[in-house]
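Put together the whole structure using the sequences plus the hints.
Protein chains in written order, with the numbering used here: chain A, 16 to 294; chain B, 16 to 294.
Fair warning: there could be bad hints in the mix.
Copies of one chain are not kept apart here, so a pair can be met inside one copy or by any two copies together.
What the hints assert, rightly or not - In silico BS3-like pairs for lysine-lysine, Cα to Cα no more than 30 Å straight-line:
no., residue 1, residue 2
1, Lys-278, Lys-99
2, Lys-105, Lys-66
3, Lys-164, Lys-207
4, Lys-271, Lys-99
Derived by calculation from the structure, the hints in this document are not laboratory data.
Number of protein chains: 2
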Amino acid sequence: MNTQDTSIDATTRRAFLRALAATAAIASIPRATAAETPDAQAHEQAMAQLKPGSENIVILLYPGFTALDAIGPEYILSTMSGAKVKFVAKTLAPVTCETGFEVTPQFSFENCPAAPDLFLIPGGTAGVMAALADPETMDFIRKTGAASKLVGSVCTGSLLLGAAGLLDDYEATSHWQTLELLPLCGARPSKKRVVFDRDRVTGAGVTAGLDLALEIVQRYRGDFYAKGVQLLAQYAPQPPFPGSGDPATADPDVVKLMNGMHKPFVDLLGNSIKAVAKP
Amino acid sequence: MNTQDTSIDATTRRAFLRALAATAAIASIPRATAAETPDAQAHEQAMAQLKPGSENIVILLYPGFTALDAIGPEYILSTMSGAKVKFVAKTLAPVTCETGFEVTPQFSFENCPAAPDLFLIPGGTAGVMAALADPETMDFIRKTGAASKLVGSVCTGSLLLGAAGLLDDYEATSHWQTLELLPLCGARPSKKRVVFDRDRVTGAGVTAGLDLALEIVQRYRGDFYAKGVQLLAQYAPQPPFPGSGDPATADPDVVKLMNGMHKPFVDLLGNSIKAVAKP
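As C-alpha cells, then:
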C-alpha cells in the first residue's frame with residue numbers, strides 16, 4: 016500500500032507526470048521523457064507520424080450551456096498536438112452549465128483571441144434563451160464568428176449562431192426538436208448529423224458533437240490522425256437501443272413523449288429567436 | 016435586435032427560465048409553468064409517463080481526470096428526474112482535468128454522501144498515476160466504493176477501482192490499452208464495451224461512458240425512459256471511420272501508432288498499480 020514501494024525511478028516519474036499532465040492526451044509523452052523508457056524507439060516512431068499543428072480553437076461557455084456539447088468536442092479537438100483549445104465566457108468566473116456544475120473559462124470576452132481558427136458554440140435549453148436575450152453575448156458571437164476561419168455549433172448552439180446572423184443562406188443542423196427553427200435565422204435545415212457548408216459546421220443534438228469534432232480533426236490533420244483519435248477515444252459506440260437516437264427510427268411513442276415534453280420550450284425559443292434575429 | 020421586442024409575457028418567461036435552468040434536461044419543464052403554454056396538455060401527458068426517482072449519484076474528480084469520462088455519464092444520468100448527480104473531489108476547490116480546464120465539485124471527501132446509489136470513477140493518464148500515489152484519494156475510493164450500492168468506472172478509472180480492491184474477482188473492462196493491467200488488481204478483463212458484474216459496472220475507453228450511462232438509466236428507469244434519454248441526446252452515432260474505434264477492427268498501422276505512443280505510459284501505470292494494489 017505504500018506508494019514509496021514503486022520501482023520507477025522517482026525523477027523519471029516526476030518528469031513524466033509533469034509532462035503528461037501538461038499536454039494533450041495523444042501527444043502526451045514528449046520525446047525527452049519517452050527516451051528514458053524501455054519502449055522509446057516505438058514511441059519515437061509513433062510520434063514522428065503525427066504532424067503537430069497550431070490551431071487556435073475557442074469554445075463559448077454561457078450560463079446554462081449543455082456541458083457535453085462543449086466537452087465532447089473539447090476532448091476530441093485537444094488531441095491535436097499543437098492545437099490550443101480553450102473556453103471563453105463573458106468573464107473569467109466559473110460558468111454554471113445546464114445540469115448545475117461549474118466550468119472555468121480560460122478567456123473572457125475581453126482577452127479572447129479575436130480571430131480563432133475555429134469558434135464553437137454548444138447548445139442548451141433555457142441557457143440558449145437567456146443568451147439570446149443578452150446583447151453582450153450576441154455581440155461577442157457576431158464579432159468572433161465573423162472573424163473566425165471556421166464557425167461551428169453543437170445542438171441548439173446553431174440557433175445562437177443563426178440569431179447572430181452567421182447562418183444566413185447556409186445549410187445547417189440543430190437538435191432534431193429545434194431544426195424547424197433554423198429558417199427563422201435564414202438557414203436551410205438539414206437532417207444530416209454533421210453539416211459542413213463553406214466556413215460553417217453544425218452538429219445535431221448533444222452527442223453529435225463527437226462526430227463533428229472527429230470530422231474537424233480529419234480536415235485539419237488528415238485521415239490517419241483522425242483514425243488515431245477515434246481509437247484513442249475508443250469511439251466504437253454501442254447505444255443500448257439501436258435506432259432510438261434518431262426521431263426517424265425511434266419508437267413513435269418515445270418521439271411523442273419527447274415532443275410533448277419539449278414543445279412548450281420550442282415555441283418559446285422560436286419567439287426568442289424572432290425577437291433577436293434580423294428578419 | 017432589441018431583446019425587449021419579445022412577444023412572450025415577461026413573467027412567464029422569467030419563471031420558465033428559472034425553472035428550466037434549475038432542473039435536469041429531460042424533466043426541465045415543470046407542470047406549473049407548462050400549464051401556461053399552449054402545449055400544456057401534451058406536456059402533461061408526456062411528463063406523466065416518466066416515473067421520478069431519487070438516485071444519489073456521485074462522480075469522483077481528481078487532478079488530471081479525463082473530463083469526457085465524467086461529463087458524458089453526468090449528462091446522461093442527470094436526465095433521470097429526481098436523481099441527484101454530483102461531483103466529489105478532495106476539497107471543494109476546482110479540479111484541473113487532463114486537458115487543462117477546471118471543473119468545480121459540489122462535494123468534498125468530507126461532506127460527500129457516505130453511501131451513494133452509484134459511485135462512478137472517470138479515467139485519466141498521468142492523473143490516474145497521481146491518484147494511485149495519493150493515499151487519501153485511494154482511501155476515499157475504498158471507503159465510498161465499499162458503501163455504494165453500485166460502483167462504476169469509465170476508461171482507466173477501472174484501475175483506480177481495482178487498485179482500491181474493489182474489482183477483486185470481478186469481470187471488468189478498461190481502455191483497450193490498459194485491459195492487460197486489470198489482472199494486477201485481481202479483475203478478469205473483458206473486451207466488452209460495458210461490463211456489468213453484480214454490483215460493479217465498468218466501461219471501456221472514454222466514449223464508452225455514454226453507453227455505460229444509458230445502460231444504467233435502463234436499469235434504474237426501464238427501457239422506455241432510457242430510449243427517451245437516448246433520443247434527447249440524439250445518440251445515433253456516426254463515427255467518421257467505421258471500425259476505427261476498436262483495436263480489433265481498426266487499421267493495424269493506427270493500432271501500432273497508438274501502442275507505440277502509449278506503451279511507456281502503460282508500463283509505468285502497471286508499476287504504479289503493483290505498488291498500491293494488494294497482491
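Verification of the supplied hints:
Taking the shortest Cα distances, Lys-278 and Lys-99 sit within 30 Å of each other only across copies (25 Å), while inside one copy they are farther apart (38 Å). When the C-alpha separation of Lys-105 and Lys-66 is checked against a cutoff of 30 Å, the pair qualifies neither within a copy, at 34 Å, nor between copies, at 38 Å. Within a single copy, Lys-164 and Lys-207 get their C-alpha atoms as close as 22 Å, which meets the 30 Å cut-off; across copies the closest is 41 Å, which misses it. Taking CA atoms no more than 30 Å apart as the test, Lys-271 paired with Lys-99 passes between copies only; the shortest distance there is 26 Å, against 42 Å inside one copy.
Checked against the numbered hints given earlier, the structure breaks only hint 2 and satisfies all the rest.
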